[in-house]
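Quick note, the sequences are listed as chains A and B, same order. Residue 30 in our numbering sits at position 30 of the first sequence, with consecutive numbering throughout. In our numbering, each residue carries its 1-based index in the second sequence increased by 1000.
The set of hints was computed from the structure by calculation and includes no laboratory data. If you're wondering where the values come from, they're calculated on a predicted model, not measured in any experiment. Where is the CB? At the ideal position from N, CA and C, for every residue including glycine. Among these hints, one or two may not hold up.
The following label-pair restraints were derived from C-beta to C-beta distances [unchecked claim]:
#1 Ala30/A - Ile1624/B: 13 to 21 angstroms
#2 Ile33/A - Phe1639/B: 17 to 25 angstroms
#3 Tyr1635/B - Phe89/A: 54 to 62 angstroms
#4 Phe62/A - Gln1634/B: 33 to 41 angstroms
#5 Ile1624/B - Leu13/A: 57 to 65 angstroms
#6 Gln1634/B - Glu59/A: 33 to 41 angstroms
#7 Phe8/A - Glu1619/B: 44 to 52 angstroms
#8 Phe1639/B - Leu13/A: 16 to 24 angstroms
#9 Phe8/A - Gln1634/B: 26 to 34 angstroms
#10 Ile1649/B - Glu59/A: 27 to 35 angstroms
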Amino acid sequence: MVPVEYYFVLSALLFFIGVFGFITRRNLIAMLISVELVLNAVDINFAAFNRLLYPGSMEGMFMTLFAIGVCAAECAVAIAIIINVYRNFKSDTVDSIKNMKW
Amino acid sequence: METVYSYSFLILLLPALSFIVLALAGMKMSHKTAGLIGTTSLGLVTVFSYWTAFTYFTAPRLADGTLATIVPYNFTWLPLGNLHFDMGILLDPISVMMLIVISTVSLMVHIYSFGYMHGEKGFQRYYAFLSLFTMSMLGLVVATNIFQMYTFWELVGVSSYLRIGFYYPLKPAIAASKKAFIVTRFADMFFLIGILLFGYYTDSFSFSFAGDIQMGVGTTPFIEGNAAKAMAAGAFILPTALVLMFIGGAGKSAMFPLHIWLPDAMEGPTPVSALIHAATMVVAGVFQIARMFPLWIEYAQPQLSIVVWVGVFTAFYAAAVACAQSDIKRVLAFSTISQIAFMMVALGVSLPGEHAVLDNHAQLGFMAGMFHLFTHAMFKACLFLGAGCIIHAVHSNEMSMMGGLRKYMPITHITFLISCLAIAGIPPFSGFFSKDEILTACMHYSPICGWIMTGVAAMTAFYMFRLYYGIFWGTENKEAHEHHTPHEAPWTMTFPLIFLSAVTCLCGFLPFGHLVSASGQAYDIHLDWSVAATSIVIAVASICLATYIYKGESQPIADRLYKTFPKLHRAAYKRFYQDEIWQYVTHRIIFRCVSKPIAWFDRHVVDGTFNFLAWGANEAGESIRPWQSGDVRQYAVWFLTGTVALTLILLSI
């Protein structure tokens, strides 16, 4: 059986890879993928902790499934926004929409 | 009893409605429709006013012989603790008399304006403003409390402003309208202070004392509750408040030195001058004194002498200026000032006699003042409307363009002559009766005052006939008349003249003392023949003098007089430099020494403080603005840093 710490290490790695990608990438799609990585790291955490702390109950698993659903919806919305940004600015980099600030 | 007068609200409502209709939809109407709407509503108002007067004066008197004061409508408009502002209708002898005066003159002006304003631009606007003015003036006279009076008082001021500035593309009209508004507003400030003092110390704005003139009895039915307040009110507050109110009235009624707006107000259309600046609005001040008269008598008898002497001086000053003016409307304007001063004096000299009750002499002043208000309104309106016909015919206000007009304009000539005789005080015309009563009352008050007023009456006769001969006789300006032959005005303009001069002929015989008197009891007028004879002789002598000097084709005596006293003539022509003095006082003293420092303080200190606050907020905003860079990754870094920092802090605790 895989020790539970391994899950946490994987989750932490995924989380920080996602954060790093979100901060360093300019491409909107790449940033979206980074956000997905962060979310997946959290999902893994949920599942692992559920197993570790309350082996008899399933709330952590449900939360994970729920988060995956939300994540999919968010993805659809984000991609719709990205397509519109691309149509308007002819670019898919995050810098191109700076003039939408104040 | 009140139900008898239940229609009286229509007297105010009809002109208000006609104003709203004409002001909103007037521009879409033809001239004729607009004029007819205004005239019809005014006609109805006149009918109602006459009916009110008839019912009121024929109603049985109360047990003490006075006419009842009736309040058909009164509702609280704005309650403020103890005090409340009411709106309503109050009928007593003077307000009913004013209803007659206002509606008659206003109706005549409405009819007259059909001819005078024919085809002018802004005809509908003109009628809308006429309705507004009539409504405000009617509201003023039927006010049940001093606050309502003040409200309508200001409305009258606004409509006067609108009327004077009617020809707004012309510069002098704008200047005159502003002058009138500012001067009367300045005076109204004192009126307002007076009202507030009065309201605060008596806990009431109401005219509940109207018709309750128990002279010398010293009852204070309207001061209740706070004894300290009542003491202060009786001792010095009420006299102060009344004098302040008189300043307001002096502004509206063009008493010296606040008279300067009235001559300039002649820039408005002539029928308006007749309505506002001769017959109705300018008597608002007189009416105010008459309305507050019970209080004057009870609390401020010594202060009444202010009213008297301001009036005497104004009457004399205005008559002197009128002798030298060449613009016919200016002459009439100054004669108006002089005649209103007569009314003021008449009210001021109306003091209770030795037994602290109103004897006949005391009654006389009040009654005569009101009577003169009534007769003066009629003949002065007639004079102004006549002047309008003349200006209409020769297209000029200057006497030099006239002369010899009697051939061309017979009706105007006759009616003008009747009015001139009336104002000069020749029997049997109405002015004789009222003016003679005033002179008698003045004589009784103080012989000096009486003789000065007799002298002013003589001057009145002189300058009116100088005007009359200058227009209808004298040197004809043939050149101008050949160019454009003067002709008689259309019937819409002559009918009001005939009507008003007929009234002038007849209304002297009204038993006025039975209708309006200080104590409210019926009072028989006894002509004091010694005073009457003197004034008739003096008036006739002045008329003869004017005839001698001004009737002929050439006027050697007048020319010689000008040459002998050039400075005097110039000073009188320039109105004794009153405008220049005001100009000096306002520009050099008030503007420079008071307004400029205040403006500096406002601009640098007050504005500076707020500008500094705004500048600080702006700078703060600018400095934190770059934080919102629009760079999503930067936000993420901040967010991450913040989260990490928070986590560390929480862990370390």
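Now for the hints, and whether the structure bears them out:
1. A hinted range of 13 to 21 angstroms is violated for the C-beta pair alanine 30/A and isoleucine 1624/B, which are about 30 angstroms apart.
2. A hinted range of 17 to 25 angstroms for the beta carbons of isoleucine 33/A and phenylalanine 1639/B is consistent with their spacing of about 18 angstroms.
3. Between tyrosine 1635/B and phenylalanine 89/A the C-beta distance comes to about 19 angstroms, which lies outside the given range of 54 to 62 angstroms.
4. Phenylalanine 62/A and glutamine 1634/B have their C-beta atoms about 36 angstroms apart, which keeps the hinted 33 to 41 angstroms range intact.
5. Distance hint for isoleucine 1624/B and leucine 13/A: a CB-CB separation of about 37 angstroms, inconsistent with the stated range 57 to 65 angstroms.
6. Take glutamine 1634/B and glutamate 59/A: their Cβ atoms lie about 37 angstroms apart, and the range 33 to 41 angstroms holds.
7. At about 49 angstroms, the CB distance of phenylalanine 8/A to glutamate 1619/B agrees with the hint of 44 to 52 angstroms.
8. Checked against the hint of 16 to 24 angstroms, the C-beta distance between phenylalanine 1639/B and leucine 13/A comes to roughly 20 angstroms, which is consistent with it.
9. The hinted range of 26 to 34 angstroms is satisfied by phenylalanine 8/A and glutamine 1634/B, whose Cβ atoms lie roughly 30 angstroms apart.
10. Between isoleucine 1649/B and glutamate 59/A, the C-beta spacing of about 30 angstroms keeps the proposed range 27 to 35 angstroms intact.
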